[in-house]
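Here is how the chains run, residue by residue.
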Amino acid sequence: MLSPQDQLTELVRTLETQQHVFATDPLLITEKLQGEDGKPIQKLHRRASRIDSNGALARVLGKIDGRIKGIMVVMSVVWCISGFLGLFTLLQTNVVNFFYVLVCLLGFHTVMLLGWLVMTLINQGKQSSNWFANFVSPSYLIRGKDDVTKAAVDLYERQLQHSGMRWYLGRFSHQLWLATLTGMLLAIVFLLIVRQYSFSWESTLLSDQALITLTQILGWLPSLVGFGVPDSTAIVQSRLVTDAMPLSVARQWAGLLVGSLLMYGIVPRAIAWAFCALMFRRKKMRLDIKQPYYQKILNFWQRHVVDADDFKEAPAPIAPKATVSTGKKLVALLEYPSELDNWWLEGLDTNINDNSKIEDFGIVDDRDDMDRLTSYLDKHPVQVLLGIHSKALPDRGTLRKLDRIAEHATDGLIVQLLGDTSLTDNGININADISNTADLKKQTSAQVAGNQDVRYQQWQTALSARKIGLVDTK
Amino acid sequence: MDNNKTNGQPVGLFADKALKDDPSSNLMNPEATASTQDNGHTTPIDYSADESENLTARSSKKTTIASGAALKLAVVGHTNTGKTSILRTLLRDVYFGEVKNEAATTRHVEQAKLTDSQTGEDLVILYDTPGLEDASGLMDWLEDNTASRRDGIERLQQFLAADIAQGGDALTSNSGNEDYSQEAKVIRQLLASDMAIYVVDAREPVLGKYKDELAILSWAAIPVMPVFNFTDSQEANIDDWQTMLARRNLHISTRFDSVAFEFADEMRLWQNLATMLTHSEMLEQLMTRRTENWAQLYDEANIIIADFLLNVAAFVHEINEDDDPMPVLEQMQEAVRQSERAMQHNLLNLYKFYDNAVAATPLELQAYQQDPFDPELLKSYGIRTTSGAAAGALLGLGIDAAALGTTLGLGAAIGGIAGGLLSNTSSIADRITGVKRFYIDPATLTLLATRAIDLLTALRHRGHAATDATQLLYKGEKSSIEQSLDDESNTITPWPTHKLPGELKKARGKPQWSSLSSGKSEQAQLLRADMAWSLASKLQSRGAE
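If you're matching them up, the sequences are chains A and B in order. Under this note's numbering, the first residue of the first sequence is numbered 1002, with each subsequent residue one higher. Under this note's numbering, the first residue of the second sequence is numbered 93, with each subsequent residue one higher.
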């Protein structure tokens, strides 16, 4: 059985997976608890009780629990009374057949206790669910068809299935036996106080000597704790008594009877009861916080940003700065066209006014363009300024082209990344049409800018690996 | 960018098989093998035979697929064009593969099956392939190293047998930057497939490298269908692309935006693929199934919404005349908030957008996170709180009070009955006992309905490749948010606030319909099921308008 707090926590879990509407929003409570201290299990308990802020769930659980306990008390009382009454009827005559009464008192009890012991030893370590749960349902205990009651009943049913319940039920059965035996004890003590009995014994098969030995063996344990035991003369005297016997002998027999009931009935039962109670405590059902549901919450609580993100720029490789030579230049665009006609003016020094020193190749796209470019480069020693659109992706094919141009450019190759103004503007405009929400706009424009940064960085990495200079246009 | 992934790790399913034994792919599909043999298309192949013999044997084996077999569809294209995204959307699986804005995100071939949702048979097997990165370089190699008198498949087979096509450890021993192992994977898969989808990023201009890619694809001699991704962008160059494709004999192409999803586009994609096949039964089956499922999803979604609205509309709380209403009101608001969230999650799950770290759902938008009882939000949706019973101290709390005990006489109570707001018997009893009842007011109901319908529209037009909340919201939704925030007069609420649908009005007299008031969710749901069904069809017809 779970502890009441565990039960509440489990109940909240069950209900939350069923999308139950709680008194307080679970998400809110989970968030609030993030900042609080405590052991995970304590926080889960606290979370459950806060979600159940009006106590509705705890009330249902309390109701079921109270009823279970109530039933146990009532049953114990009934058993106690029946024990009392049973013995009362047994001891109606003035002459009591001692061994007959003793077997009535302890016979069935001892058989049951030994049976329990054997079963416990046999079932040792077995995880078998107990028979009890099969025909006892907590739904008998509480009426109500609402979600909370149903979930609570389910929870109790699940607890009944737990292997630890064996000890709980064992404890309960011992408790009932104890109640019965106590009822008997009370009856004997009461009757011995108010009536005078004569104790006799009779036997067809057993001799006096056998009875004396038997009685002495039986009396050994009660005599240890100070109960009077009939001596051998008293035993011989007591055979087939039909009338009042000497009081001292009767007291000895009475002492043996009470002592036997106590030492062979109540004490072993109490030990068994204590053992079950101990085992139940040890095998107690615990909240399984390894379940994904709890883990998700606990993981959420464990996360804390202790030092805010103030990360500026990745220490990613940066392309070397291009050195623009004074010699002749060849400018070309890699694959993508540019909106500007003289895009290279931005990158090259303005002192190169002489346009004759600049050869514009145009766009290098397909394989023919590449062949033309390489054959030109093989003949003319020029520095190549390659314009690469920021939209272009530095994939293997593009980079291979770059390598090939670098290989053939005798006076070196430098790269200028063309910022795509249209892309950024367009991107934002489209999205601005879509959403006038300031929030949305901010997000989308940040996203577009983010994409450009990513691409820029990818080119930086690629260029630095190839030691190709990048023209600074900023 | 190193080749970590290719080194040592097992690469795609067919990466090392396609060259040697084509039927390995058929092994996975015994039906296919069986039926091809029945049709007599296959000639037994001696695999121990010489490589060149093998080539011809296999090339003769490349035929149209047999009827009844699953269509093997390779998804190919330049790197970063969104092949994996398209697969995510087609599979309705936000977890498939990995999507990033960079070259060579996918470096393996991954198989995913589209099955018949009822019979479970495989209809289409999709193959996600790595992106083609250097088709021009490969073309150079093919021209230099293979004879032009050979046919396309033979030339591709020669490439696959060459050193540069080997990935993994073989690569390290090779010098130079000539690594075509990615392209080899694509080509191997192409040769093992019945058909290919060539994914085009519609925002890209038509460049030389793309032409080379198409040339190589054409050598594989299987039908190729160009598919334009990211068509929702304004810089799409679809016309240029179509001109170029037509010159390469690719006259049929399809728009399919993996992020801004249109169901009609998907159907057109399957339809177009079907036109290219002799046996297109499985595609037709797939289309029928998908259309059915799509309509069914919409029905279910509308029922979820209707059920939620009825649940809220039937929600009633009673307090004594002189009790403080505030705690009850707060409790009611809390209950509505939680059940709205539950409804939203149900919708999301229905459309397979699970709460996850991979992709944000539209729920993360502010518009869905605002408190439904925030009067500002109500105003922004252009909903005016009604007069009448709601007027007074409770205005703006989103809850109506029917105070029948003292403030209104018996006559008014009967008037209330005539209005269909309250059920007959209990209201008169209330008058005598002096009880105040609280309902969720029509304005809030309208707001909840509007938001739910907006969310449904967004989900229906969101591809499973969309990774963040703002990414390409559906236009309908955009406009509703936009208008709602700027312009109060213009609203798209499903009904005027003062004219709630009859089902919702009726629900107000039936507290037992609400699991919020009774706590018996199963029972309450059963009770309102019929009404939910009828309200759902009303919502659906409004959505269609």
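Be aware that one or more of the hints could be misleading.
Cβ pair distances, simulated, as ranges [unchecked claim]:
id	chain 1	residue 1	chain 2	residue 2	range
1	B	G594	A	K1146	45 to 55 Å
2	B	R360	A	E1408	21 to 31 Å
3	B	D243	A	A1466	53 to 63 Å
4	B	G594	A	I1072	46 to 56 Å
5	B	R360	A	S1326	47 to 57 Å
6	A	S1326	B	F355	55 to 65 Å
7	A	D1369	B	D243	44 to 54 Å
8	B	K192	A	N1300	21 to 31 Å
9	B	E213	A	P1293	27 to 37 Å
10	A	L1029	B	M368	22 to 32 Å
11	B	M368	A	P1321	29 to 39 Å
These aren't lab readings, by the way, just hints derived from the structure by calculation. Cβ atoms here follow ideal geometry from the backbone N, Cα and C, with glycine treated the same way.
For each hint, the structure was consulted:
Distance hint check: the CB atoms of B/G594 and A/K1146 are about 29 Å apart, inconsistent with the given range 45 to 55 Å. A hinted range of 21 to 31 Å is violated for the C-beta pair B/R360 and A/E1408, which are about 46 Å apart. A hinted range of 53 to 63 Å is violated for the C-beta pair B/D243 and A/A1466, which are about 39 Å apart. Taking 46 to 56 Å as the suggested C-beta distance range, the pair B/G594 and A/I1072 conforms, at roughly 50 Å.
Judged by the Cβ atoms, the range 47 to 57 Å given for B/R360 and A/S1326 holds: they are separated by roughly 55 Å. Between A/S1326 and B/F355 the beta carbon distance is about 58 Å. The supplied range of 55 to 65 Å therefore holds. Evaluation of the 44 to 54 Å hint for A/D1369 and B/D243 yields a failure: the beta carbon distance comes to about 24 Å. Range check, B/K192 to A/N1300: Cβ separation about 25 Å, and the 21 to 31 Å hint holds.
Between B/E213 and A/P1293 the C-beta distance comes to about 33 Å, which sits within the given range of 27 to 37 Å. A/L1029 and B/M368 have their C-beta atoms about 55 Å apart, which leaves the hinted 22 to 32 Å range violated. Range check, B/M368 to A/P1321: Cβ separation about 51 Å, and the 29 to 39 Å hint is violated.
Of the numbered hints given earlier, the model fails hints 1, 2, 3, 7, 10 and 11; all others are met.
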